[in-house]
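J.: Given these sequences and hints, build the entire structure.
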Amino acid sequence: MNTVIDAHNISKVYNPKTIPVHAVNNVHLHLERGEFTALVGPSGSGKTTLLNIIGGLDAPTEGVIMVNGVDITRMRPNDLINFRLNNIGFVFQAFNLIPVLTARENVEFIMLLQKRHKKEREQRVRELMEAVGLSDKLDSRPAQLSGGQQQRVAVARALASKPQFVLADEPTANLDSHSASTLLDIMERLNREEGITFLFSTHDQRVIERARRVITLVDGRIAEDSAPTPTAH
Amino acid sequence: MLLILAWRNIWRNRNRSLITISAIASFVLLAIVTVSLQQGVWDNLVKNLVSLYTGYAQVHGKDYWEEQTLENSFEINEQVDQLVQQTPGVRNMTHRLESFALASSGEKTRGCLVVGIDPVHEDSLTRLSAKIHQGDMLKPGEEAALVAEGLAEKLNLGLGDTIVLLTQGYYGSTAAMKVAIKGLLHFGSPELNQRVAYVPLALAQYWLDANKRATALVVGLTNADQLPAVARTLKKALPDEYEAMTWQEMMPEINQHIEADSAGMYIMLGVLYLLISFGIFSTLLMMLAERQREFGMLNALGMPLGKIARVVLAETIFLTLVGCLVGVALSYPAVWYLVEHPIVFTGELAKTYEKFGFEPIFPAIMKARIFIEQGLTVLIIGFVLAIYPVWRVMHLEAVVAMRK
Ligand SMILES: Nc1ncnc2c1ncn2[C@@H]1O[C@H](COP(=O)(O)OP(=O)(O)OP(=O)(O)O)[C@@H](O)[C@H]1O
Ligand SMILES: [Mg+2]
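Protein chains in written order, with our numbering: chain A, 1 to 233; chain B, 1001 to 1404.
Mixed in with the good hints there might be a few duds.
Quick partial rundown of chain B residues pointing at chain A, CB under 8 Å, derived from the structure [what the hints assert, rightly or not]:
| hint | residue |
| --- | --- |
| 1 | Glu1143 |
| 2 | Met1297 |
| 3 | Ala1300 |
In short, the hints are calculated from the structure, not lab data.
A virtual CB, placed ideally from N, CA and C, is assigned to each residue, including glycine.
T.: Pasting the structure below:
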């Protein structure tokens, strides 16, 4: 059982009553543990919508999403919040961090919500900050970090909860190419060495080249998949 | 951790937080000073008024207040005296025997009110001796009178002259006496200045053939605040043939005036409360707008909305609480100053007050209740307003909030 995400026949229609927008249409998506997969496609093709649905942030109009064998479309809102906390790591395009907390506290925060012990928290913060190459920025506030450094803290924070997988919506969109490449290096290494599963969306050709699997969305449909989902088991 | 988050967020926008706190503090200060001043002024006025004549409360025979005749007087009764004296909050008391009479000298005759008093107790209650302009205070049992200046003038009488007092006694017979004027009284109120004369109680009883009788038992209090409690006790404890009345019941028009005036003040305070509510509310709105995305992000990561709401609540409560505490703390010296250095009216207004025998001085009053009431009211406003951001957070949708 190495399936992490099994999304079946996902559709999302915005404004169904006024001017319906079919953002995602009948998408089937199957992700194995340890994948390093890019979700690409033109602007408006439904990447963010699909990631939000998979991450349990938005409900699909139709379809079922199994995460680690659990149907998240049927969860009650409070259970879903808790499920996200313990199973899914998030990296957003920007404004990832709490501005009033230091880098260390931002990473630790998620483990506090999980009620982990202090010892464990502190050790993990150190390991993760080391892994993203920011051991010397533990006590910096987000405003004192560059955009690239902030995204690296966000990656550390996403991993702090020991999630099943990490969803990243255009994590490099606001970064210069050097910072983008550093961030990708870190994500790649975490994937290779720790077996962390990443699903990230991007526009950036250089980022796409680093992915081991590329799924292309056009008008809310999967137009191309370099390692397609088997339609039936 | 939630508290740390709240604490740091308060200082994230230091200026806004400080402005909010000082706005709340100044408002609390303003409210406390206004109310303290207002209550002080009225308390002072009432004190002046009741010490002038009525006292805070009086005990009469059952129907006396309705029909102020000797027939409705009562016999002085030691048990009743003791009951009144032992009521908690009562400082002192004195008996009076009052009757309308004709005062004359030679050709001139005037209507007046003759009051038989116990000179010692009367003086400690209404400080009658302070109103003596010429001459001396009465002594118990002596045959002498104190006459208001205006009355004496109308009758062409001076100190040492004899005044003739004529009326109907308790049993309906004619009562007449001649008595020497021992002192002339000056009252601010023209009403009193034209109309009163005082004689010792025993002389009045003898004159009116009303042995051991009185028309009123005037009650003085240790503290004006105790009036309601004292009145309640007396009304319950006194035998049926007696009636206890507060100054409000005896002078309802003045009480109404005070109530109307406080109503005006509370309306003004209400408007101020509204203003401060808008102030606090706009801070909350700004804070909410600024942090939508952050709240959305936190919720997306797995922070329950309830916890986010608690952070916001803690911030709001902290701001209001500190504002209120600072306001109360600042009010203390401000009110204290106005107690020690009362506002003194000068000019025409002062003359008007003096005419009625009141000092034109307006001291504030230092009452813990006012501080607590005003501080608490603003605090409660803050708490009530805090419901809004909490409600907003509880209805937040992560995806929507983050898109903003
Ligand atoms: N809340 C919404 N209400 C209505 N339409 C929406 C909403 N969110 C997204 N859409 C529409 O759904 C479609 C897919 O949007 P989505 O944001 O998923 O695209 P995307 O691939 O992430 O685009 P980009 O590369 O610009 O981020 C678009 O046509 C968008 O206009
Ligand atoms: Mg997008």
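J.: Report holds or violated for the interface hint on Ala1300 of chain B, using the least CB-CB distance to chain A and a cut-off of 8 Å.
T.: holds, 5 Å
J.: Does Glu1143 of chain B hold up as a contact with chain A if the rule is Cβ-Cβ below 8 Å?
T.: violated, 88 Å
J.: Do the numbers back the hint for Met1297 of chain B, that is, is its least Cβ distance to chain A under 8 Å?
T.: Cβ of Met1297 of chain B sits 6 Å from chain A, so the hint holds.
Consistency note: the structure conflicts with earlier hint 1 alone.
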